[in-house]
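Undergrad: Chain by chain, the residues:
Number of protein chains: 2
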Amino acid sequence: MVTSHSAAAARSQRAASRRRGPVLEHAILEATLEQLSTVGWSGLTMEGVAVGAQTGKAAVYRRWPSKEDLVVEALRSALPTMDEVPDHGSVREDLYQLCRRVREAMYSKPGFALRSVIHECDSETSERFQGLILSGVIEPSQRLLCEVVKRGVERGDVRADAPGELVFDVIPAMMMYRSKVCGSEWTDGEIAEMVDLVMVPLLRP
Amino acid sequence: MVTSHSAAAARSQRAASRRRGPVLEHAILEATLEQLSTVGWSGLTMEGVAVGAQTGKAAVYRRWPSKEDLVVEALRSALPTMDEVPDHGSVREDLYQLCRRVREAMYSKPGFALRSVIHECDSETSERFQGLILSGVIEPSQRLLCEVVKRGVERGDVRADAPGELVFDVIPAMMMYRSKVCGSEWTDGEIAEMVDLVMVPLLRP
Numbered sequence: 761m762v763t764s765h766s767a768a769a770a771r772s773q774r775a776a777s778r779r780r781g782p783v784l785e786h787a788i789l790e791a792t793l794e795q796l797s798t799v800g801w802s803g804l805t806m807e808g809v810a811v812g813a814q815t816g817k818a819a820v821y822r823r824w825p826s827k828e829d830l831v832v833e834a835l836r837s838a839l840p841t842m843d844e845v846p847d848h849g850s851v852r853e854d855l856y857q858l859c860r861r862v863r864e865a866m867y868s869k870p871g872f873a874l875r876s877v878i879h880e881c882d883s884e885t886s887e888r889f890q891g892l893i894l895s896g897v898i899e900p901s902q903r904l905l906c907e908v909v910k911r912g913v914e915r916g917d918v919r920a921d922a923p924g925e926l927v928f929d930v931i932p933a934m935m936m937y938r939s940k941v942c943g944s945e946w947t948d949g950e951i952a953e954m955v956d957l958v959m960v961p962l963l964r965p
Numbered sequence: 761m762v763t764s765h766s767a768a769a770a771r772s773q774r775a776a777s778r779r780r781g782p783v784l785e786h787a788i789l790e791a792t793l794e795q796l797s798t799v800g801w802s803g804l805t806m807e808g809v810a811v812g813a814q815t816g817k818a819a820v821y822r823r824w825p826s827k828e829d830l831v832v833e834a835l836r837s838a839l840p841t842m843d844e845v846p847d848h849g850s851v852r853e854d855l856y857q858l859c860r861r862v863r864e865a866m867y868s869k870p871g872f873a874l875r876s877v878i879h880e881c882d883s884e885t886s887e888r889f890q891g892l893i894l895s896g897v898i899e900p901s902q903r904l905l906c907e908v909v910k911r912g913v914e915r916g917d918v919r920a921d922a923p924g925e926l927v928f929d930v931i932p933a934m935m936m937y938r939s940k941v942c943g944s945e946w947t948d949g950e951i952a953e954m955v956d957l958v959m960v961p962l963l964r965p
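Those sequence lines, one after another, are chains P and A.
With this note's numbering applied, the first sequence has no gaps in its numbers, which climb one by one up to 965 at the end.
With this note's numbering applied, the second sequence has no gaps in its numbers, which climb one by one up to 965 at the end.
The shape of chain P in the complex, shown without the other chains (with noise of 0.2 Å):
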C-alpha cells in the first residue's frame, strides 16, 4: 500500500530530479529559513527542511553535513548586503542613513531568524552564530560607519580625535541594547534622535 507519506517523498523526489544544482540549493536554503520562521531553531529538522524544499533529505545532508551548516549558510546568503553610504553632506544625515540601512538588516527575515536562533541554541552552537552576526552584521556596518566618520573628520564636521574602536560601536550597541530591552523598533524618528542627541555631540570638534 502506497501511504500518503510515500507518495509524497516520491513526488519530492521527482521534483528534486527536475532542478539543477543551484535552483535545488536555493529551494532549500528558502525552506531552512521558511522553518526557522515557523518552528525555530529547536524545532527545525533536515527532513523538515528537505519536504519544504521538495526534496529528499540525501540532497540536503550532501551539501550541508549538518543542521548548523545548513542555517548558517541560509542565514548568511540572505543577510542584505551592505554596500557604500554615499556622501549627503554632512556626517548628521551620513549617519541617519547608515542607521536605516543597519535598522533593514536587523529587522530582515534572517536578521530576526539569527536572533531566535541564538537565544535558543546551546551556548557551544551559538558562538559560530555570533561569528555570523559579527561577520554579517556588525563588521559590515562598523566598516561603513568608520567611513563615514572619516570623511566627517576630512569635511570638518567630526573631530580628528574622535575615530576608536569603542565610538564605532555606539551605534550597534544602542541599536541592539534598546531593541532588547525597551523592545523599541527604531522608527527614523529614534534614529534621528540618536543621531543628533548621542552621535552629533559624541564627534563634532
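These aren't lab readings, by the way, just hints derived from the structure by calculation.
Treat each hint with caution, since some may be false.
[As the list claims (entries may be wrong)] Computed list of lysine to aspartate or glutamate pairs in EDC-like fashion (alpha-carbon distance at most 20 Å, straight line): (1) P/K940 to A/E887; (2) P/K940 to A/D882; (3) P/K910 to P/D956; (4) A/K940 to P/E887; (5) P/K910 to P/E899; (6) P/K910 to P/D843; (7) P/K940 to A/E899.
[Unchecked claim] Derived list of chain A stretches under chain P, where covered just means 3 residues or more per stretch with a C-beta under 8 Å from a C-beta of chain P: (8) 931–939; (9) 947–959.
Even glycine gets a Cβ: it sits at the ideal position worked out from N, Cα and C.
Since chain P is already given, all that's left is putting chain A on it; use the hints.
TA: Showing chain A alone in chain P's frame:
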C-alpha cells in the same frame, strides 16, 4: 523499617522546625542560587532546593508556589544593591566608579545566574526574568547615572542639555553589547576608556 531517605527527611524536618521563618527562607533562597549555578534553570527542582536547604518540599511550596516565583525571588534578593554614588569631584570619576558598580552587578553570582536563566528558559518565562534585569540592574543603574549627570550639570562639567533618556542608555548599552559581542570583561582600563573616549566628549559643555 526506617530507610536512610526517610531518616534524612526526618532530620530535615527537625532542622526546619528549629529554624524561624526568615532564617529558613534565607536558606531556601541560598539553596536556589546554589542549584542555579550547578544544574541551571532546567535542572533545578523544588525537591532539589528543599534537600539543599535541609527542609521539606512543602516548606518551599508554601512560600513560593512555582519554580519561577522561587527563582525570581532568589535572584532579586541576591543582586547587589545600587545605592548612592559619592561625589568624586568630576563627572569623569563619578562615571568611572558607577561603571565599576554596574560591572559588579553584571558579574555577580546572581547576575550570571540571571543571564543564564534567560538563555535557558522558554520565551514566556524569560519575559519575567527580563523584567527582573530591568528592575534589579538596569533601572537602578539608570537612576544613579541620571544623578551623576545632573550633578555634573550643577558642577559645570556637563552641558545643561545633555541629560536625556538616550544619553543615559549609552553606558548600559555599551556594557551589554561589548560583553556579548566582543566578549569584553570590562577591565578597569576598558571602563576608563569608555568614559574618556565616549562619555566625557558626549557630555562636555
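Undergrad: Checked against the structure, which of the hints given earlier come out wrong?
TA: Hints that this structure does not satisfy do not exist here, as all of them hold.
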